[in-house]
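These are the residues of each chain, in order.
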Amino acid sequence: METTKTTTEDTSKEQNVNSLKGTLASVLLMGGFIALLWFLIWGIYMVRV
Amino acid sequence: MHRYEKIWLSLSSAVILAFMLFIGYQAFAEEMAPPSTKETLDPQKVDETPPFDNPGVKKVGENEYEVVMTLQVFSFTPDDIEIPAGSTVHFTLTSKDVVHGFEIAGTNVNAMVMPGYVQKITKTFAEPGEYLVLCNEYCGSGHELMSTTITVK
Amino acid sequence: MEAAVKQTWRQKVTKAMGINREDARISKSYLFVTFLALAIGGICGLTQGLNRSGFLELPSWINYYQVLTAHGLFLVLVFSSFFTIGYFYAGLSHTLGGLLPAVRKIAWTGFSLKITGLMIALIPVLMNEASVLYTFYPPMAASPWYYVGLALIVIGIWLCAFGAFINVAHWRKQNKGKHVPILAFFATGVFILLFFGGLFVAVEVIVLIIPWAFGWVETINVMLSRTLFWAFGHTLVNIWYLTAVSAWYVIVPKVIGGRRFSDLLTRIVVILLVVLNIPGGFHHQIVDPGISESVKYLHVFMSLAIGFPSLMTAYAMFAVFERTGRKKGGKGLFGWFKKLPWGDVRFLAPMIAMIAFIPAGAGGIVQTMNQLDQVVHNTMWIVGHFHLTLGMSAAMTFFGISYWLVPYVSGRVLTPKMNKFGVWQTVLWAVGMGTMATTMHIVGLFGSPRRTALTTYSDHATALNWDPYMIVIGIAAVILLIAGMMQIYAVFHLMFRAPKGNEEFPIAKPEEDGSKTPYWTERWSRWIFVMLLVVAMGYVIPLVDFIGNAPPGSPPFKTW
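Chains as they are written, first to last, in the numbering used here: chain A, 69 to 117; chain B, 5 to 157; chain C, 4 to 563.
By construction, these hints were calculated from the structure, which means they are not laboratory data. In this text, a Cβ means the ideal position worked out from N, Cα and C, and glycines have one as well. All the given hints hold, so there is nothing to weed out.
Distance ranges between label pairs, derived from CB positions:
1. C:Phe165 <-> B:Ala22: 36 to 46 Å
2. B:Leu15 <-> C:Ala105: 42 to 52 Å
3. A:Val85 <-> B:Leu21: 33 to 43 Å
Dumping the calculated EDC-like pairs for lysine to aspartate or glutamate here, alpha-carbon to alpha-carbon at most 20 Å:
4. B:Lys157 <-> B:Glu66
5. B:Lys127 <-> C:Glu296
6. B:Lys10 <-> C:Asp266
If you want a taste of the chain B side facing chain C, the calculated C-beta under 7 Å gives, among others:
7. Trp12
8. Met24
9. Pro38
10. Lys42
11. Val77
12. Asp101
13. Leu136
14. Asn140
Please take these sequences and the hints and turn them into a complete structure.
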């Protein structure tokens, strides 16, 4: 029982250490910003046509 | 390569590519491409070369005008143009000396004007007002004074 | 064999004892000039900011555009190229086990050629005989000596490129089948770009402009000159970017106590940036006449392609930070972010530089999109863009490097006190440059033109609306000057006053579970061939067109 518990904890900790979820979230936020800026400038362009 | 990186790279590339294709559609199908005239002339004989031998505002159709304009240090010829609201204006531009820029502030009219090359750009002035025209490429000591207006009535 | 043994032995000595003193002197001299140029260029920048905001009327013996020419010359040409060479030569010395005596000689010859060139170019600038800005578009013509000086600077830079190639080739001969150390790999990419990018401006200046400026030929092909300039000009900005990127991939992971991102992907980013770079220059000409709509559209694709390696870099950096932060106990989606060493200037400065590259890169992607450029072309937006890319992304990375590189080459150490000073300096610079660049972007969208002295265009209402923004820019310029002077103080303190010792040259190790990098990454001849193909795709049609269908040329004009 005891050992199994430790192993599970270890695995979950290991997964946490190796997780790159934050990276994916960060780059997606960044991508959203790029798209937003594009729409802003495109919007200004279209208003001025 | 990590799975997340593949997701990110394909997603971002696809979005940027989509933007680019859309811009291409607008440029070619809706004729919104940036000013890219390919006509040339002798930059030392601008005054003798039509249409620049007779610069000015010309009515070419219903609500449609052509402005033949030369840019030189530090002025626009003709200057202080007046046109009726709602008209479409075709600008035909060249430089008599150095590189100039032709910008109507707050609009999409923004083009380089090079000696030896004709540049053309079109704008429909829906809103009345006094538009500021300025040179946006450094052209010499009076560059900051090089401006004129287009009054839309 | 014997040479190889000697080589590894020397590498070990370098690691243990710090840099060879003769190599150190080269980098130290280059860095000294770098920050002297920052001081002069910075004062010019302040003058412009104060003039445009209306705080300062220039005395009659100074012309705004003269100051602007000097600002560009010192920061765009001198600050950046001297830093790039000083930093990479230290990197080559450190990772390849010292510079070859012949290479040292080349570096010194290059140094004196560049200084001589700078002096020759500077005299006409001071005499108001060369107020043509650093882009010097013909047919505006400066004193011919201005161009002679610039040509000497380019030749000086070339010599340093050859020196780097010789040193890397020597190492490869001694270490057959091995991968060139990553920092030297970056250096190879940078110097290849400097060489090929420099070719374009050398042809422009030496073949087209100098004979025309001296009056040996009467007229010049204006579009050809302009296009050759931007083939160089945009490559140059990407060279500083690639220099900064090298620190992001190699130095920063070590500073934060982590490991590098995938070695293979890092090398691919370098190769891509080298291969794709040169045709990017064309997006400076989106609203030019004489180029067909289809050629311009092709170049939208070529410019956007340069963005791809940067998208890879963004991912790589976040991944390195997340891995390191999680190892230090960062939890949750963004907990790792707090675990980074924010109080270490060697991390803080390049980190802010990277963050600044997010809006900078986004702005770049948007403004290169064909007709969207009409919204921003030659407005203050563009000035804001390159103050983000160069003034923050590149310059702040260089500042961050200087806090350890200067003591490293000077046999001194970065003290905790100096580190704290650096943190304040970094924050101040970030606030100043961030405010200035943002304001420039906004006022540019309203139409305010770049490269224009104080003017209200006869009190035109549109132009009067720009004034409040110009005042913010003036205030930001003051903050920047203070931060810039602090940086210069820090560099000279670390060079001559700081306590003696051995500062670390931080180079991170490859990732633990990294797979072996295939050797094809080392085939530079192949990459150069591909690069030339891409350059040909981008430039053969327009250049042939500019030459074959050229209008009669233009005589020189002095319009200031």
